[in-house]
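Going down the list, the protein sequences come from chains D and B.
Add 1203 to a position in the first sequence, counting from 1, and you land on the number used in the working numbering.
Add 1203 to a position in the second sequence, counting from 1, and you land on the number used in the working numbering.
Check the hints yourself; a few may be wrong.
Since the list gives no way to pick out one identical chain from another, each pair is judged satisfied if it fits inside one copy or across any two copies.
Dumping the calculated EDC-like pairs for lysine to aspartate or glutamate here, alpha-carbon to alpha-carbon at most 20 Å [unchecked claim]:
1. Lys1447 <-> Glu1249
2. Lys1546 <-> Glu1419
3. Lys1422 <-> Glu1304
4. Lys1427 <-> Glu1307
5. Lys1546 <-> Glu1503
6. Lys1251 <-> Asp1387
7. Lys1523 <-> Glu1242
8. Lys1427 <-> Glu1288
9. Lys1546 <-> Asp1318
10. Lys1447 <-> Asp1520
11. Lys1447 <-> Glu1521
12. Lys1559 <-> Glu1338
If you're looking for bench data, these hints aren't it; they were derived computationally from the structure.
There are 2 protein chains.
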Amino acid sequence: MTQSFYPPQRTLMGPGPSDVHPRVLAAMARPTIGHLDPEFIRMMDEVKALLQYAFQTTNPVTFAVSAPGSAGMECCFVNLVQPGEEVIVCQNGVFGGRMKENVERCGGFPVMVQDDWGKPIDLNKVEDALKANPEAELLAFVHAETSTGVQSDAKALCALAQQYGCLTIVDTVTSLGGISVCVDEWDADAVYSGSQKCLSAPPGISPVTFGERAVEVVKARTTKVQSWFLDLQLMLSYWAGEGKRAYHHTAPINLLYALHEALVILQEEGLENAWARHALHHQALRAGCEAMGLHFVVEEAYRLPELNAVSVPDGVDEAKVRARLLQDYSLEVGAGLGAMAGKIWRVGLMGHAANKKNVLLFLSAMDAVLGQMDAPIVRDVAVDAALGVYAEG
Amino acid sequence: MTQSFYPPQRTLMGPGPSDVHPRVLAAMARPTIGHLDPEFIRMMDEVKALLQYAFQTTNPVTFAVSAPGSAGMECCFVNLVQPGEEVIVCQNGVFGGRMKENVERCGGFPVMVQDDWGKPIDLNKVEDALKANPEAELLAFVHAETSTGVQSDAKALCALAQQYGCLTIVDTVTSLGGISVCVDEWDADAVYSGSQKCLSAPPGISPVTFGERAVEVVKARTTKVQSWFLDLQLMLSYWAGEGKRAYHHTAPINLLYALHEALVILQEEGLENAWARHALHHQALRAGCEAMGLHFVVEEAYRLPELNAVSVPDGVDEAKVRARLLQDYSLEVGAGLGAMAGKIWRVGLMGHAANKKNVLLFLSAMDAVLGQMDAPIVRDVAVDAALGVYAEG
Chain D
1204 MTQSFYPPQR
1214 TLMGPGPSDV
1224 HPRVLAAMAR
1234 PTIGHLDPEF
1244 IRMMDEVKAL
1254 LQYAFQTTNP
1264 VTFAVSAPGS
1274 AGMECCFVNL
1284 VQPGEEVIVC
1294 QNGVFGGRMK
1304 ENVERCGGFP
1314 VMVQDDWGKP
1324 IDLNKVEDAL
1334 KANPEAELLA
1344 FVHAETSTGV
1354 QSDAKALCAL
1364 AQQYGCLTIV
1374 DTVTSLGGIS
1384 VCVDEWDADA
1394 VYSGSQKCLS
1404 APPGISPVTF
1414 GERAVEVVKA
1424 RTTKVQSWFL
1434 DLQLMLSYWA
1444 GEGKRAYHHT
1454 APINLLYALH
1464 EALVILQEEG
1474 LENAWARHAL
1484 HHQALRAGCE
1494 AMGLHFVVEE
1504 AYRLPELNAV
1514 SVPDGVDEAK
1524 VRARLLQDYS
1534 LEVGAGLGAM
1544 AGKIWRVGLM
1554 GHAANKKNVL
1564 LFLSAMDAVL
1574 GQMDAPIVRD
1584 VAVDAALGVY
1594 AEG
Chain B
1204 MTQSFYPPQR
1214 TLMGPGPSDV
1224 HPRVLAAMAR
1234 PTIGHLDPEF
1244 IRMMDEVKAL
1254 LQYAFQTTNP
1264 VTFAVSAPGS
1274 AGMECCFVNL
1284 VQPGEEVIVC
1294 QNGVFGGRMK
1304 ENVERCGGFP
1314 VMVQDDWGKP
1324 IDLNKVEDAL
1334 KANPEAELLA
1344 FVHAETSTGV
1354 QSDAKALCAL
1364 AQQYGCLTIV
1374 DTVTSLGGIS
1384 VCVDEWDADA
1394 VYSGSQKCLS
1404 APPGISPVTF
1414 GERAVEVVKA
1424 RTTKVQSWFL
1434 DLQLMLSYWA
1444 GEGKRAYHHT
1454 APINLLYALH
1464 EALVILQEEG
1474 LENAWARHAL
1484 HHQALRAGCE
1494 AMGLHFVVEE
1504 AYRLPELNAV
1514 SVPDGVDEAK
1524 VRARLLQDYS
1534 LEVGAGLGAM
1544 AGKIWRVGLM
1554 GHAANKKNVL
1564 LFLSAMDAVL
1574 GQMDAPIVRD
1584 VAVDAALGVY
1594 AEG
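Turn these sequences into a full structure, and let the hints guide you.
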C-alpha cells in the first residue's frame, strides 16, 4: 500500500517555486466549490482586479490561464501568431528559445535576435531586426530571464516595437511582483506570468493580460486558434462573460483560491513596497556573496534582485554543493540551465522567500558547505556583510 | 482592499467538481517543495504507479498532465493526430463535439458518427464508418458522457477499432474511479481523465495513459507536435526520465499532492469497492427519484451511476430549482448542456460525494423545493424509497 505523502519542509531559494506563504497554503485547503457557483464567480472578478493591480493595467482582458507559465506563454503565441507570420524573438537565455519553439509550432517564422546569456537584450540589434523585417507582426521578449537573472528594458523594447508597427509578447514570469512591471506604461500587448515566482503561490496557474490591440488581432483572425484549451475567445466566454458565464473548461478552483490570497497579500504590502523588499534582500545577499568572494554573473545594472546568478568557484562541484545544502539545511538553490549548466547557481529571493531569515540561512549554509569542500572563499565574513546592509536599512 | 476569500461549504452533486475529501484538502496545504526535489520525484513515481492501478494498466507512459481534463484531451489529439489525417469521432453529447474541434485544430479531418444525446454510441454505425473510411488512423470516443450521463461500450469500441487498424483515444473523465475502466483489458491506446470527478481531487490536473502503439506513433511523427506544452516526448523527459529528470515545465506541486492523496484513498478502498459504492448510492438515488415521479433520461442499461440525468417535470423552471437548492441547502446540482439545456438536471454522485448522506440530502431538498413550487411530484416518499435500497444492502 502506498502511504500518504508528507513533503519535507524546505526553504526554497531556487528559480521557483518559491516558499509559499502559510496564508496561501491555508486558502488552498478551503472547501472546493463549483466553477459556476456565484460565490466563485465573484472571487474570479476579484482575481481579475487584483491581477490588474499586479500588472498595473486597466486591460479588461486580464485573467489566469488554468495551467503553468509555459501554457501562459503558449496562450499568447497561439492566439497572436497565424501561420506564415514573421515574429522577431529576442533570445538571451532559455526562455527566448522556448518562444522560438512556440512561433515555429504555430506555423510562424521566428527571426532571432541573439544576445549572450547573462546580458540584457541589445536594443540596437532589435531595431536592426525590425528594420530588416518590415513584414514582422510581433516582437517577443523575456523581461526577466529566469535562466540567467538578467532584466531587459521592457519599456524601451515595447516602444521600439510600436515604432515599427509590431505588437509585443512579454514574458514577466519572474518579474511580476518582484520588480516594476507596468503593462499600461509600457503599452505592452500580451503579457504572461507565473504564480510560483514573486507571487509565491503554488505553480500551476498563469496570469495573463491582453491589451486592446491584441484582442482586436485575435478577433480578426481568419484561422482558428490551434489550441482549443487556450483559445482566448473561448476562455473569455467564461472569464469575462457579463452576467452569464459560459462553461469552457473546469477552472482549477483551489489554485485560484491560492492565487487570490497571494494577490491579496501583495495588495496589503503594496507593489512598491514589495519591489523595495526584493531590492533590499538582494543587496544583503550580494554583500554577503561578494565578501565571501563569490561573483555575480550579470552586470550590476541588469541584475534581477529576485534571481541571483552566482558563479561557482573554480574546482567546486556545484551539484555536490546543492545536494549538501538540500540534505543538511533543507535549502534548495537552483542549478544553471543550458549554456550555464555547471557554471552558476541560481539563488532565488522571490516573493515570500525574499526575507532576512532566508538571506542569512543561505549565507551561513553556503559558507559552511564551501568551507567543508575547501573551496577558495573567504570564510566567516558573509553574514556580517549582509547584516551591515540591513543595519543601513 | 480586497479581503481573503472564504468559500461557502457546499455539497457538490453536479457534474464535477465533486466534494473533495478532507484528507485531500489537507494534503494540498502541505508545504510546496521544488519540482526537481528528490522527494518530489519519488512522489511522482508513486503517482504513476497509483494511476496505473486506477487505469488498470501496466503502460509505462502513465502520468498527469499539468492542466484540467480539457488539456488532457488536447494532449491525446495533438500528439496522435497529424495534419491531413482522418479521425473517426463518435458524438453523443458535448464532449464528442469537443473532440471534433480538437481534430480540426490539429489539421485532421473528423468523420463524425452521430448518436442521439442520452443514447450510447451505436457499434454498427461505428463499424460502418470504419468500413467506409479505410484511411482513418484513429477512433475517438467518450466512455462516460458527462453531458448526458450515458456510458458506451469501451471494450467493444476498442476491439472494433483494432479490427480496422485504428488506434483509439478514449475519454474517461467521468468514468475513472466510478465505473470499470480497464485500459489493458480494453487494449485502448490513449486515455485521459480528470481529477475532479470520481477521484474527488480538485480540478486542474489530468491523468493520462498511452499504450505502446500510441507511443510508437508519436515517436514516428514527421511533424512537430503543435503544442510545446503538451508535447508528449518533452513531457516524458520530466515524468519518465530514468535517474535524471529534465526540466520541461514547472509541475503543479500542490495539486499533485492532492491527486496523490486521492489515489491513496482509492487504493485503500479498492477499485471494485469504489465501483460498488457508486452503484449502491445510484440505486438509492434512483429509487427516491422514481418514487417522487422524476424520470431518468438514459435507458437503464447505459446509465452512469455517478452522473444521473433527471428530467425536469413539466412546467418547472429548472434554474429556479437549482438556485433554491444552492441558496437554501448549499447543494449544487448541474444544469443540462447544449441540447439538454433546460430539460434535465445532472445529479452527480462522484467519488467522495457518492455517499448516503448526500443521497438523502438531495432527495429531501428536492422534495421540499419542488413541493414549494407546486411541481407535479409525489411528496414525502423519496427518502423512504432510498432507505429501502440501503436496507437491502
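- Query: What are the numbers of the hints that this structure violates, sorted from low to high?
  - Reply: Failing hints, ascending: 2 and 12.
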